[in-house]
Amino acid sequence: AQSVTQPDIHITVSEGASLELRCNYSYGATPYLFWYVQSPGQGLQLLLKYFSGDTLVQGIKGFEAEFKRSQSSFNLRKPSVHWSDAAEYFCAVPLNPAGGTSYGKLTFGQGTILTVHP
Amino acid sequence: NAGVTQTPKFRILKIGQSMTLQCTQDMNHNYMYWYRQDPGMGLKLIYYSVGAGITDKGEVPNGYNVSRSTTEDFPLRLELAAPSQTSVYFCASSNRGYEQYFGPGTRLTVT
Chain A
1 AQSVTQPDIH ITVSEGASLE LRCNYSYGAT PYLFWYVQSP GQGLQLLLKY FSGDTLVQGI
61 KGFEAEFKRS QSSFNLRKPS VHWSDAAEYF CAVPLNPAGG TSYGKLTFGQ GTILTVHP
Chain B
119 NAGVTQTPKF RILKIGQSMT LQCTQDMNHN YMYWYRQDPG MGLKLIYYSV GAGITDKGEV
179 PNGYNVSRST TEDFPLRLEL AAPSQTSVYF CASSNRGYEQ YFGPGTRLTV T
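Protein sequence lines, in the order shown, are assigned to chains A and B.
Following our numbering, the numbering of the first sequence begins with 1 at its first residue and continues without gaps.
Following our numbering, the numbering of the second sequence begins with 119 at its first residue and continues without gaps.
In case anyone wonders, no lab produced these hints; they're calculated from the structure.
In this text the structure is predicted, and so the values were computed from the model without any measurement.
Incorrect hints may have been included.
To be verified - If you anchor each label on the Cβ, the simulated ranges turn out as follows: (1) A/G53 to B/S187: 25 to 31 Å; (2) A/K61 to B/P157: 20 to 26 Å; (3) B/I133 to A/R69: 44 to 50 Å; (4) B/S187 to A/T115: 42 to 48 Å; (5) B/G121 to A/S70: 21 to 27 Å; (6) A/Q45 to B/F128: 18 to 24 Å; (7) B/Q140 to A/G41: 28 to 34 Å; (8) B/E197 to A/R77: 41 to 47 Å; (9) B/K132 to A/E15: 43 to 49 Å.
To be verified - Examples of chain B residues toward chain A, derived with CB under 10 Å: (10) G121; (11) Y149; (12) G160; (13) Y166; (14) D174; (15) G176; (16) E190; (17) F208; (18) Q218; (19) G221; (20) G223; (21) L226.
What the hints assert, rightly or not - Beyond 12 Å from chain B on every Cβ pair, some chain A residues (computed): (22) Q45; (23) G53; (24) Q58; (25) F63; (26) V81; (27) S84.
Beta carbons are placed, not taken as given, at the ideal position from N, Cα and C, and that holds for glycine.
Excised from the complex, chain A in its bound form:
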């Protein structure tokens, strides 16, 4: 079954510093990959997605992510972090039953909590 791992539970950065959040996936073929963000007390919002093509994808709020097949990774980056980026970030892949249809179902990583210091 597909799975996704986020090695970092909690990351702290200073405002204005660069950011990289790690995501590793386990998948037999080229996966669809997603990053979602959850602001405090809110539901999740899609930041960006990768289906195919250019391995560097741009998302909302100035985020980007790069798909690296050789490393089974889809790391999220931002050149300069703002205090409003403090949130929990989730990497996700489709939840596919063997031989079945996904119906848009996703399986999520454990999440990385981002703290931003002024």
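Go by the hints and put chain B onto chain A.
Okay, now just chain B, sitting in the frame of chain A:
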């Protein structure tokens, strides 16, 4: 558009009680999902629906039931609440794709 709305926001249940978590979306999405979120565990899919009258189990369905009588509504039922069901519950919808729109969540405590 209100998007996805969930009620209640918070609830405390005693062991063995029952309750229904309400979820409504106004985007005419076919697909709807229920997740639970536990600290350090990410989100786990409980049930999902691909249209009115069609539901199926997700990763962690035990102790829950759902129904989908309309496109808009997808309630989640807990019949005999247990402490293991203490969690934050999220409802989401999508238009046949992977971009899911989430509600604000219901924080449930079972004591």
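key: 25 to 31 Å as the expected CB spacing between B/S187 and A/G53, which holds or is violated   = violated (40 Å)
query = Holds or violated: 44 to 50 Å for the Cβ distance of B/I133 and A/R69?
reply = holds (48 Å)
request  = Take a look at whether the Cβ-Cβ distance between B/E197 and A/R77 falls inside 41 to 47 Å.
outcome  = holds (45 Å)
Satisfaction of the B/G176 interface hint, Cβ to chain A closer than 10 Å = holds (7 Å)
request  = Over 12 Å to the closest beta carbon of chain B is the bar; see if A/Q58 clears it.
outcome  = holds (15 Å)
key: B/Y166 as chain A interface residue, shortest Cβ-Cβ below 10 Å   = holds (6 Å)
key: Evaluation of the interface hint that places B/L226 against chain A, nearest CB under 10 Å   = violated (15 Å)
request  = Report holds or violated for the interface hint on B/Q218, using the least CB-CB distance to chain A and a cut-off of 10 Å.
outcome  = With a closest approach of 7 Å, the B/Q218 hint holds.
ask   = Within 28 to 34 Å or not, the Cβ separation of B/Q140 and A/G41?
value = violated (19 Å)
task = Report holds or violated for the interface hint on B/E190, using the least CB-CB distance to chain A and a cut-off of 10 Å.
result = Nearest chain A Cβ about 17 Å off; hint violated.
query = Beyond 12 Å from chain B, beta-carbon-wise, is A/F63?
reply = holds (15 Å)
ask   = Going by Cβ atoms only, is B/G121 closer than 10 Å to chain A?
value = B/G121 check passes; min Cβ-Cβ to chain A is 9 Å, inside 10 Å.
Of the numbered hints given earlier, the model fails hints 1, 5, 7, 16, 21, 22; all others are met.
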